[in-house]
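**Q** Chain residues, written in single-letter form:
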Amino acid sequence: MRLFLSQDAAAKALGSEAVAEEIRQLAERRGDDIELVRTGSRGMVWLEPLLEVETPQGRVAYGPVTPADVPAILAGTSDKALGLTEELPWMKGQTRLTFARVGVIDPLSPADYQAHGGLAGLRRALSMTAPEIVAEITESGLRGRGGAGFPTGIKWKTVAEAPGARKYIVCNADEGDSGTFADRMLMEGDPLTLVEGMVIAGLATGATQGFVYIRSEYPDAIRVMEGAVALARAEGILGPSVLGSAHAFDIEIRVGAGAYVCGEETSLLNSIEGLRPVVRAKPPLPALQGFMGRPTVVNNVISLATVPVILEKGAAFYRDFGLGRSRGTIPLQIAGNVRRGGLYEVAFGLTLGQIVDEIAGGTASGRPVKAVQVGGPLGAYFPRALFDTPFGYEEYAAKDGLVGHAGIVVFDDTADMLAQARFALEFCAIESCGKCTPCRIGAVRGVETVDRIAAGDAAAIPILTDLCNTMKLGSLCALGGFTPYPVMSALTHFPDDFARAREAAE
Amino acid sequence: MASPVETRVGEIVARHEGMEGPLLPILHAVQAAFGHVPRDALPVIAEALNLSRAEVHGVVTFYHDFRSEPAGRHMIRLCRAEACQATGGDAVAAAVRDRLGVDWHGTSGSGVTLEPVFCLGLCACGPAALVDGEVVGRFDAARLEAILKEWGA
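Residue numbers (our numbering), protein chains in the order written: chain C, 1 to 506; chain H, 507 to 659.
Just chain C, with the same shape it has in the complex (with noise of 0.2 Å):
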């Protein structure tokens, strides 16, 4: 018998751990022949912990599963039964392309992980010269999955006409925005694929060294991600000769230190060299002069674990998904106060309201939907009556908001938006660099402004938004630059929030 249950840290976070030991004792007390195979999560974080029983139809999925549930399932009588995974409605509506092996694999295991179509993008890429496998990117039309949404052909590209002996591939694994987790279910659920988007990126634009730079707060995806790059050396797709051809290429894993403005490509830089973290101005722009003034690419986890499957199904292929500017799949982070919370990779282009509606099936409270912020931290709040925007990069900017890491976070009706408001920039002041004024400043001041509005203060209001024009105008980077976008989207959207303080304080 073979069972299958997810060690992500949010089945862990939920339980699965216990569920694992109940399992093992039974088979061992019982003499079953039992196989547990520990992958990552599929991504349907309220049935987690999974526990999935394979038959000879497919994987059978129970959940959510307690250690008393156990005997049940493994009798075949449980109604924790779910029927089968891939027919699950969750399932279903998506296109895993991305994700496709995460929940499914055995993470450290490169046999599962070939048998799944793993290597077949560096293979490809290996038959292909560096500015062939420059143009597959760029037409495919992948853009930065970190938040910018820059086209990442164009990125590596920069960096491959730069003169250098050295250059470097770094991935921004710092996914420090609430409300995502995608790289870290990547990196937990399938590391091997991320090692292959580097190796590629190293291909295309002749760089050597890579580096991957998880936050601390991540220590399941640290340990997953250690034990890939080791398995990786040990089977040739790392080192010397990749995969035995005249190509090296390595990667380091470096861990973060509880900084948010470490998710700033400059200031992730400047972490990994061992300087105080502060942002760099730019130009010169880190393909040019990145880490050790070298030229590097900077791409996030989710863009360069995209690449495999570009190399290995084309560019077109990636390309015929999505909407408008914004090509490809995007895997989305429904998060916060939601019945169905979880991954949920798709195309780009459905609308806010079909996200939160349908698919995460509304609040975990019952209660009606208020707000929804989109981005994270730095990522506006949106009210329902813009539930009909398309998911887009344009097309959220045209709103006044952003796609970012595409994370979702739901709030129902009980949120105070002048709290949340006010949250943003006490978060901006905590994790401010410090290097320009409208962010070390503002963010204080800002918080004192809100504080004034919540006293009575409506003359408080136009100095706010003053505040955060100046803010989103001058700051270094988006940390001061956008958060701007949580503060007036409330103020905006919600400003019954904001008068009633007024009342009150009347």
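These are calculated hints, taken from the structure and not from any lab test.
Glycine included, C-beta positions come from ideal geometry on N, C-alpha and C.
Going by beta-carbon spacing under 8 Å, a handful of chain H positions derived as facing chain C: (1) E526; (2) L530; (3) A587; (4) E588; (5) T593; (6) C629; (7) A630.
With chain C held as given, fit chain H onto it using these hints.
**A** Okay, now just chain H, sitting in the frame of chain C:
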């Protein structure tokens, strides 16, 4: 003569020789060894890496993770970010502070340190916490009591 701290830090620094950008990995290793980054460690690191003490100090103090004093016997890191707020995280945090009798960054009389954290990537099963390094989802007051009982705290 080198103090025990200086000797141990010197060994840690030596292990990182040849690394590109070794300072952050060294600081993590020092904190892992001592439970905090002792003041005496900074000059040793600075000299080995050809940096000024001010530069090393500037790096250490930038990050939330590095402690100047050891933490308590146990550590609860509670997520304060938006997704956990949406599931009642603020109320849970208030209950935890109240129960432990400390504010953020404080250590209770029974040796439990409470630190805020901004996102653990467990945003679909909040409020989330990292309890002595282990992830916990849907954290609440009942869960806290169970943990404190287990710790005898």
